[in-house]
Amino acid sequence: MALIECRNLTHVYLKGTPLEAVALQDVTLSVEAGEFVGIIGPTGSGKSTLIQHFNALLRPTGGALRVAGIDLANPRADVKNLRQQVGLVFQYPEHQLFEETVYDDVAYGPRNLRLNENEVGERVAESLALVGVDPNRFGRRSPFSLSGGEMRRVAIAGVLAMRPRVLVLDEPAAGLDPKGKEEILGQIRALHQAQGLTVLLVTHSMDEAAQLVRRLVVLARGRVVMDGPVREIFRRAQDLAVLGLGIPAIAELMLRLRGSGLPVSPDTLTVDEARVAIREALRWN
Amino acid sequence: MELTRYVTIGQYIPRESPVHRLDPRSKIAAVTVLTVAVFVVRDFSGYGLLTLFLLGVVLASQIPLGYLLRGLRPVLFLLLMTLVLNVFFSGIQGGTVLFQLGPVVATREAVLRAVFIGYRLVALVLVTSLLTFTTSPVQLTDGIERILRPFRRLGVPAHELAMMMTIALRFIPTLLEETEKIMKAQMARGAEFEHGNILRRARALVPVLVPLFVSAFRRADELALAMEARCYRGGEHRTRMKELRLAPRDAVALALTIAASFVFTIPYPTWQALLR
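Those protein sequences? They're chains Z and Y, same order as listed. Sequential numbering from 1 applies to the first sequence in the working numbering. Sequential numbering from 1 applies to the second sequence in the working numbering.
There's no promise every hint is true.
Listed below are several chain Y residues computed to face chain Z (Cβ distance under 8 angstroms; list not exhaustive) [claimed, not checked]: (1) Ile13; (2) Ser17; (3) Tyr67; (4) Ile182; (5) Ala188; (6) Gly190; (7) Ala191; (8) Val206; (9) Pro207; (10) Pro211; (11) Ser215.
Think of the hints as simulated: they come from the structure by calculation, not from any bench. Beta carbons are placed, not taken as given, at the ideal position from N, Cα and C, and that holds for glycine.
Put together the whole structure using the sequences plus the hints.
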């Protein structure tokens, strides 16, 4: 049984009003425990709507959805239990910070779980450490005095403090400087590898997807239009272009090199792979 | 969790209808006339005719009736209170007793009056929602600015008031969306807004209100900066892209509304005499 299982999932906003809008249509998708899945798609393709279903912030208006064995088409599903298992990090999560200190803000989730203060403290220290924020140095500070990148990491720690099995992130690197981006993404990769978290990552950046995920789901106009290993998907540059999506910079470079007659391998997504591929093509081995 | 689903009041529904095409000033004037009529009407006959008139306008405006009625939901509580208070504390002495429980008495007269006043509230909400459903916020404030313009000599900052209204209206959906987003983010961290007593529910809102205020101030700052960067200096020497122009249809619509309003205020006995 897959961890996340949607069958013909459909969501219509403001159903029954003149403003109703179909956001998701017949989405069929399953994610196994331990996967690292990227979700890409043009603006308005339904990415945010889809991920909000995974922890029951939105309910399907049609179709079936099971997450961690909980049937979410059932209105009496155990939502509380689910929200603890599936951590959702929204876009610009630093906008949700509210407490006087970093410690209290991260402690908000565990306290909502009615844990005792010892365990809360343990979880705060652990999750701050996971995102590379020193609990002793930052714990007593106001979250509003931190830099943008630090605020974001504290906000992500706030979700990690729930100790979820699945982490869903909506554009976690958006609006950060290159260094901040790299740090955040590196930490997410580490969470996946070291903690064994199942990670779903919504992104606009093909480079991010190429670096991080193994499987890619492409959404367009509320439907899943492609779903498969990253390398296979990025080989379909033309289909992606039709949807208004690009491919990673390295893949683009390889494509152009092939176009100008250098027979590099098409299966190249990272700088290291590109170095090997170009050398091979030039027979420099 | 769709806040916009429950707040239909003040929402604009774009359609290509004759009501939508009217000049906002004539619509504001018509709503004012109708509002006065709602208070002047003394008989159910008047409200019957008013209802027919409103139904006609709704049909012409292409706004689904059900959606318009949904706008009543926020005032439902007020409506119930009005009904209850008027039935039991009307102060009407005597009359036919319909229902009695100890000192609590409901008379036929009191019930009729309660329904009458309750319907007055409904009519007011319907009339004003028709205005906001068929007039975009920008048009609405443009109309108000033009109406206030003659009072500028008296020191009324017409443009500034209109600009404040425009900005306020513009940010209602944004802030609703923001509230929804923050609530969801906190729910993802185990927050519960629908459980517990009033005190606990109020406390549960702190994690929503703090970020909401922070973001409102940030937005205000950014907007002010953006306006200044484009040399906004208030109403002096401002021209507009869309000038409001009254058309013949505005005169017709307004004349019809005024005439109809007079008809609504004709008391029932007069109708009886006229129709005899």
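Inset, instruction - Hint by hint, work out which the structure violates, then give me just those numbers in ascending order. - result: 2
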